[in-house]
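Undergrad: Okay, here's what each chain looks like letter by letter:
Protein chains: 2
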Amino acid sequence: MEKMVYFFGEGKAEGNITMKKTLGGKGAGLAEMTNIGVPVPPGFTITSQCCLYYEKHKKYPKGLEEQIDENLKKLENAMGQKFASFDAPLLVSVRSGAAISMPGMMDTILNLGLNEEIANNLASNTNPRFVYDSFRRLIQMYGDVVMGVEHEDFEEIIQHTKDKKGVKEDAGLTADDWKEIAGKFKKLIKEKTGKDFPENPKDQLLGAVNAVFSSWDNKRAKEYRRINNIPGDLGTAVNVQAMVFGNRGEGCSTGVAFTRNPATGENIFYGEYLLDAQGEDVVAGIRTPGPISHKQKEESGSDLDAFEDVMPETYSELEDVRKKLEGHFKEMEDLEFTVEDNKLWILQTRTGKRTAMAAVKIAVDMVGEGLIDNKEAIMRVSPDQVDQLLHPMIDPRAELNVIAKGLPASPGAASGKVVFTADEAVEKAKAGEKVLLVRHVTSPEDIGGMHAAEGILTSRGGMTSHAAVVARGMGAPCIVGAEDISIDYKAKRFTVGDVTVKEGEPITIDGTTGRVILGDVPTIEPEISGDFQKIMEWADEIRRLGVRANADTPHDAKQARDFGAEGIGLARTEHMFFGEDRIPAMREMILSETPEERKKALDKILPMQRGDFEGLFKAMDGYPVIIRLLDPPLHEFLPEDKKTIEELANNMGISAEKVEAKIASLEEANPMLGLRGCRLGILIPEITEMQARAIIEAAVNVANKNVKVIPKIMIPLAGRKEEVASQRELIEKVAEKVFKEKGKPVDYQIGTMIELPRAALTADKIAEVADFFSYGTNDLTQTTFGFSRDDVGKYTPDYIEKGILPNDPFQTLDQEGVGQLVEMGLKKGKKANPDLEVGICGEHGGDPASIEFCHKIGLDYVSCSPFRVPVARLAAAQAVLKEKNN
Amino acid sequence: MEKMVYFFGEGKAEGNITMKKTLGGKGAGLAEMTNIGVPVPPGFTITSQCCLYYEKHKKYPKGLEEQIDENLKKLENAMGQKFASFDAPLLVSVRSGAAISMPGMMDTILNLGLNEEIANNLASNTNPRFVYDSFRRLIQMYGDVVMGVEHEDFEEIIQHTKDKKGVKEDAGLTADDWKEIAGKFKKLIKEKTGKDFPENPKDQLLGAVNAVFSSWDNKRAKEYRRINNIPGDLGTAVNVQAMVFGNRGEGCSTGVAFTRNPATGENIFYGEYLLDAQGEDVVAGIRTPGPISHKQKEESGSDLDAFEDVMPETYSELEDVRKKLEGHFKEMEDLEFTVEDNKLWILQTRTGKRTAMAAVKIAVDMVGEGLIDNKEAIMRVSPDQVDQLLHPMIDPRAELNVIAKGLPASPGAASGKVVFTADEAVEKAKAGEKVLLVRHVTSPEDIGGMHAAEGILTSRGGMTSHAAVVARGMGAPCIVGAEDISIDYKAKRFTVGDVTVKEGEPITIDGTTGRVILGDVPTIEPEISGDFQKIMEWADEIRRLGVRANADTPHDAKQARDFGAEGIGLARTEHMFFGEDRIPAMREMILSETPEERKKALDKILPMQRGDFEGLFKAMDGYPVIIRLLDPPLHEFLPEDKKTIEELANNMGISAEKVEAKIASLEEANPMLGLRGCRLGILIPEITEMQARAIIEAAVNVANKNVKVIPKIMIPLAGRKEEVASQRELIEKVAEKVFKEKGKPVDYQIGTMIELPRAALTADKIAEVADFFSYGTNDLTQTTFGFSRDDVGKYTPDYIEKGILPNDPFQTLDQEGVGQLVEMGLKKGKKANPDLEVGICGEHGGDPASIEFCHKIGLDYVSCSPFRVPVARLAAAQAVLKEKNN
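First to last, the sequence lines map onto chains A and B. Position in the first sequence counted from 1, then plus 83, gives you our numbering. Position in the second sequence counted from 1, then plus 83, gives you our numbering.
Treat each hint with caution, since some may be false.
As the list claims (entries may be wrong) - Partial list, derived from the structure: chain A residues whose beta carbon lies under 7 Å from chain B:
1. Asn753
2. Leu844
3. Thr866
4. Phe868
5. Phe870
6. Tyr878
7. Ile887
To be verified - Computed footprint of chain A on chain B; a stretch qualifies when at least three of its residues, placed anywhere within it, have a C-beta under 8 Å from a C-beta of chain A:
8. 838 to 845
9. 873 to 885
Source of the hints: derived by calculation from the structure; they are not laboratory data. Here a beta-carbon is modelled for each residue, glycine too, at the ideal position from N, C-alpha and C.
Build out the structure end to end from the sequences listed, making use of the hints.
TA: Here it is in structure tokens:
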């Protein structure tokens with residue numbers, strides 16, 4: 084017969100830590116602890132497979148009840164007690180425990196095995212108050228968790244009794260009071276459910292087991308699994324364990340502890356305990372628990388006695404357990420303990436949750452202590468957490484008046500006076516004020532103001548809206564889509580509920596969590612400690628993927644280098660056109676009627692662009708710089724307001740009507756799929772010629788100053804080989820001319836974005852005329868899904884809610900669909916051109932899951948915002964290590 | 084040494100008709116005719132490979148000049164003449180001739196071998212006027228074609244001489260006049276080019292050969308190749324042939340003839356001739372040529388004598404040649420002949436061009452005559468031509484005042500009084516007037532007016548604009564993008580150049596050619612003759628692809644059946660919502676705040692939709708009907724004008740502001756990629772439920788009337804399996820309910836459009852929950868290319884012009900890119916679900932090249948506008964036959 088129940092106790096367990104799938108995390112932990120000699124109350128674990136069977140067939144698999152009976156007998160023997168006996172009744176707890184910890188499931192029922200008769204008998208022999216208190220706890224938990232009676236209904240009965248007796252604390256109630264309450268609880272259950280509380284302990288046990296099984300598929304659990312991407316076919320194990328009591332008076336206590344400080348990572352024993360209490364009391368917060376260790380007491384400045392001082396002998400045992408667990412699991416553990424009559428029992432152990440800072444310190448310390456090696460240390464830090472280390476944070480001790488929540492678009496905290504236009508942001512910032520830019524949405528014209536502001540808050544838009552993308556690029560804190568905020572530009576204020584915030588009033592945003600906070604709030608600048616540096620160095624030794632940054636300015640480029648970027652994977656040239664000194668020339672260019680006029684306007688822009696590129700090349704001395712030719716639709720550069728249109732018309736000596744007509748003629752039904760990308764450079768070759776000249780001239784100039792330049796010119800939005808070939812021809816002609824003029828050639832490359840399905844599908848053809856590919860997975864996701872990034876907010880939340888989409892494909896690369904194109908294009912491209920370099924520069928380049936995919940399929944590098952560079956370095960190293968583990 | 088020159092003459096040729104690639108069409112035809120005993124003046128052909136070599140290296144391949152000399156000698160022997168001799172000089176013509184006939188290339192130079200000395204000598208021995216006339220023709224042609232002197236400059240000299248002599252016709256000029264003219268021609272050449280006309284016959288010959296070689300890559304030829312999709316690496320052959328003269332007086336004549344009537348296909352000898360003339364004179368139109376045969380004379384009512392009567396013996400020889408050629412080539416041939424001193428020479432033969440009507444008649448007749456079989460007959464009709472047979476045509480005899488040209492969006496001719504709004508079209512049509520709707524563009528709200536109008540003319544938009552697609556669907560003549568037309572809606576008129584057309588004035592459009600014509604023009608209704616029927620039946624026997632129609636109304640469905648459609652491949656339900664009786668309910672639905680309100684509005688639409696579907700099912704008795712659920716963005720249904728908004732608000736009892744706000748909230752940056760397709764049905768399940776109920780109820784109702792219904796419900800714009808699965812679940816629930824209510828189930832299927840790259844990429848997953856796929860290649864082309872159909876007009880003309888795109892991918896399926904996705908999705912889908920039916924319902928379903936591709940990859944059917952159904956049937960049969968030939 085299949086083994087469905089695993090025993091643990093008396094120093095030996097049938098299971099072990101590797102059996103999480105079968106025994107759940109808790110069960111496997113209990114088994115492992117038993118095996119390594121940690122004092123664990125004996126018990127047994129029913130496998131998750133039984134849960135799945137029960138859920139499907141609504142009955143137990145054959146033989147399960149027999150195996151439960153057998154193991155119950157073993158447990159009786161181990162405890163020298165008997166289930167359902169009067170004299171030495173065995174009491175047990177029943178706990179759920181899946182392979183992955185899931186708060187949505189049933190948690191715990193204690194004291195199973197008591198009933199009225201047994202309780203009365205026990206009460207007469209031992210401590211009656213303790214017995215009846217335990218009995219009512221059983222009825223209450225069982226009634227709530229198994230039979231579905233509201234928790235509050237039980238609490239009401241207790242409160243009623245206390246009121247009647249005129250006492251405030253549970254401690255004021257006597258044995259008789261608890262006995263009476265137990266009776267009322269049973270009546271309540273009968274009333275509410277029509278069923279009796281089961282007096283037969285065996286019925287109680289099976290009822291509890293069934294309830295655990297069923298909790299796997301309750302609504303909350305399903306919801307939790309959906310949100311956390313946990314598969315539905317794991318099932319949960321059930322742990323049946325002998326009860327131990329921390330609330331039997333003197334010599335009793337209970338607590339939870341971390342083997343190191345989970346906030347800082349410091350190597351001190353850290354936790355909380357209560358004397359004469361059950362585990363749930365620590366969490367309930369009725370009494371304030373004390374610190375575990377001396378050191379902890381010192382650091383926290385607690386008035387309470389440390390457990391180390393109160394129960395020094397038990398503490399020493401606990402300290403042994405701590406060492407044993409860390410030595411065995413090589414991890415910072417989170418454990419629960421109970422002391423009954425001065426005997427220490429460990430009820431649970433699991434990997435301890437920790438802050439980013441702690442994760443880094445613990446990992447590096449453990450390498451120093453010889454517990455783990457570099458590689459393991461790398462795996463111990465979550466790339467998503469790393470982000471926390473690079474931005475200022477809200478001081479956790481500060482009191483916050485949170486007035487709204489939005490999407491956490493770019494991490495970090497920022498405070499400043501509210502402004503509603505980019506111009507004002509620039510002006511006030513020049514005057515030395517710290518400002519926070521608040522807009523419905525931002526557009527490329529706002530770039531200056533966004534730079535000037537401490538942070539950006541928008542009431543609309545998603546995680547890949549303009550504000551979000553640009554802010555992440557700049558490393559500026561940003562919240563988008565804070566829909567409760569209603570902005571009145573005219574009145575220069577925004578309202579949210581009853582709160583009105585006027586221009587000039589201070590607010591704080593927390594881009595890491597999406598909280599909008601009234602007023603200035605103290606923030607802390609996290610240090611990038613030596614430990615973090617060490618982890619990054621180890622990661623760099625291991626990773627195979629290159630990591631570059633998306634950077635448009637020398638300032639961003641420098642920051643990217645500081646964060647370890649090995650070049651620029653994407654410099655967007657259009658951002659350079661929005662400067663006050665440039666946009667007029669750009670507009671003239673767009674409004675030109677003839678190539679000659681156009682060239683005249685472009686000639687004005689040329690020296691500015693050349694200067695920009697010189698700055699980038701200098702900042703990236705020795706590293707490649709990929710410069711993308713003009714990409715966005717031209718109408719983005721044109722003014723919308725009457726006044727600017729008139730000025731522009733005046734300057735150009737044409738009528739305002741003509742300017743307006745041109746603006747209208749550039750309007751498009753679907754600009755995302757319109758006249759943009761290389762379509763611009765093909766229709767208006769003068770633009771490509773000017774940009775190529777600016778890049779090549781800049782490269783030669785900087786090379787003459789002993790800087791190593793590696794310029795790479797990137798053609799956007801190509802879908803056909805012919806597009807790349809024709810632009811390439813144009814660029815090469817310009818380069819030849821410049822080299823002749825300057826008398827000095829430099830090496831350069833010409834490549835293309837792969838951001839349309841057709842480009843990936845015909846990558847073999849395109850690779851014949853490209854030196855490199857860079858996947859623009861933002862646009863590739865738009866076209867592959869047929870999702871407009873600007874409009875997707877209308878339906879994707881519903882899609883994710885309904886499980887139709889697992890997550891936002893603009894955040895995490897859709898490996899099944901878009902990823903297929905990425906892999907196809909990579910393979911076809913490299914086959915046709917083995918020297919082809921292939922990377923990715925979409926938003927996904929900074930997303931750990933996507934980075935792992937990029938590694939797996941064999942891309943050469945990822946490119947992301949400067950602030951994501953450390954994240955990418957770590958994720959790339961982890962990808963290598965995960966691969967080896969498989 | 085490689086053979087570079089092929090001789091033909093004296094009943095034997097080195098080449099034959101299969102060598103078109105090497106010898107060109109003309110050379111291969113001359114060789115073949117020689118071999119089968121047709122009297123052809125001897126000569127030789129220089130291969131196209133030599134042309135390619137010359138174009139690349141700017142010199143002859145080694146040995147070519149020697150081979151030319153050798154063959155010239157052979158030719159001298161055959162003719163008993165000598166090139167460049169005084170006594171019996173050999174005169175030759177040089178003609179280009181590529182594998183595919185190309186009007187852009189150099190055509191002909193005659194009389195090579197004459198120079199001043201030889202001419203003088205010949206003149207003194209023979210007919211001096213003829214000699215000097217021939218000589219000046221040589222200088223003129225050579226000067227024009229080889230040396231680049233303007234044709235007009237030569238003509239001016241002739242005119243000047245005629246004026247001086249006071250004569251009107253060339254015939255009035257004497258031998259001396261021509262001699263003088265020849266001298267002046269030579270001076271002109273020297274003046275214009277600085278070079279002498281070559282007096283050395285060998286230099287003449289090589290100069291002409293080089294000119295032919297070079298003409299392959301001249302601008303006109305390139306342009307022609309680009310337009311006609313002819314590859315650039317074919318090269319042209321050069322034919323050097325002994326001269327024969329139809330202009331040496333008595334017993335001389337020349338002509339062109341078709342072996343059958345190219346307009347009607349009737350089996351009569353049909354052509355034109357002139358006595359005492361050279362071939363070019365027939366074309367030049369100075370004298371009116373006479374009919375070839377008696378029958379032709381009778382039918383055309385010509386006053387001129389038939390060649391049959393004037394030169395009965397030669398005619399009888401010519402008739403023999405006609406029979407020989409048809410018997411040999413099994414085709415209707417187009418031939419050129421010259422009679423010199425009563426000796427018949429055939430100078431060229433090629434397949435004769437013909438009208439659609441003629442193509443059909445000739446093909447069927449030739450099967451009757453035993454010349455070809457059914458299969459060959461099917462190949463003889465071009466699917467593109469078939470369209471001509473299904474629409475009224477402009478009477479070719481009518482005089483036309485063409486005022487503008489646009490894109491021929493939907494074939495056929497239509498006349499009517501101009502109206503500028505859909506409402507007016509409806510009104511006037513009700514009053515019995517024939518109207519023509521003229522708009523900038525049309526939108527779904529105009530459907531009613533489009534139906535009411537005889538034809539549609541728009542000043543903007545491309546071949547797949549709304550007007551174009553809808554008009555083709557209706558079979559209504561339509562011209563789009565007639566950009567010269569400037570419409571003034573307010574003044575109710577349009578202008579084009581100096582012409583102003585006011586509302587109510589008649590115009591005619593020719594949707595087959597794109598011509599806009601002032602006034603009413605007589606049209607002819609072409610009959611679908613029995614011959615055409617026969618071809619269609621033969622096609623149906625052979626084709627493997629199913630052919631269905633895109634039809635939204637019972638009327639269209641009936642038409643589709645008449646044209647042979649085997650079901651409806653796409654019924655768009657949204658068109659049904661635009662009716663005056665429905666749009667208010669639709670708008671209420673969109674503006675509803677709660678599912679209940681929404682359901683109430685949908686309940687009003689339900690019976691109307693059910694009625695629509697009943698009509699479709701009845702019309703398609705026994706054939707499948709694929710009904711697509713609501714697809715377009717909701718804002719398309721909402722009004723834009725203030726008045727309608729206010730009415731709507733009134734009717735619904737809400738404020739106009741609220742309606743406006745809702746309209747604004749539905750606006751999207753890129754509606755093509757926005758909230759549409761199944762995203763609607765997932766966000767607002769009530770829509771899908773209503774539509775599913777209408778379809779299933781209609782199916783049951785009609786089935787109860789002994790009609791065989793095969794309903795198929797199609798989910799639009801899916802990109803993930805989960806989308807299809809969730810909609811499927813919804814539909815199945817509704818169907819179960821309806822079956823219970825009605826007490827009778829019917830078989831039905833649920834499938835999905837494949838119109839997003841992601842759908843094709845994950846077709847294996849989607850096929851698990853779909854019974855059929857239908858490729859929406861319009862949208863798939865948009866997303867694969869990243870081309871917005873509405874905006875593509877800004878850059879694709881330039882792309883095609885520059886050779887970056889070979890053609891409009893919305894007209895002909897892009898096999899390399901989009902086709903890859905179609906094939907991938909098909910294979911993955913069928914592998915996962917072998918019962919899966921896969922078809923195509925995009926515009927490409929009616930395009931012959933695309934149909935061939937669909938056949939090749941193994942689709943089950945194509946679906947197209949009713950009027951394209953015969954085209955598709957024929958193209959599908961040809962695809963099978965082409966496959967067998969490979």
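Undergrad: Against each hint, give a clear statement of whether it holds in the structure.
TA: How the hints compare with the structure:
| no. | hint | result |
| --- | --- | --- |
| 1 | Asn753 | holds, 4 Å |
| 2 | Leu844 | holds, 5 Å |
| 3 | Thr866 | holds, 5 Å |
| 4 | Phe868 | holds, 5 Å |
| 5 | Phe870 | holds, 6 Å |
| 6 | Tyr878 | holds, 5 Å |
| 7 | Ile887 | holds, 4 Å |
| 8 | 838 to 845 | holds (count 6) |
| 9 | 873 to 885 | holds (count 7) |
The earlier numbered hints are all upheld by this structure, with none contradicted.
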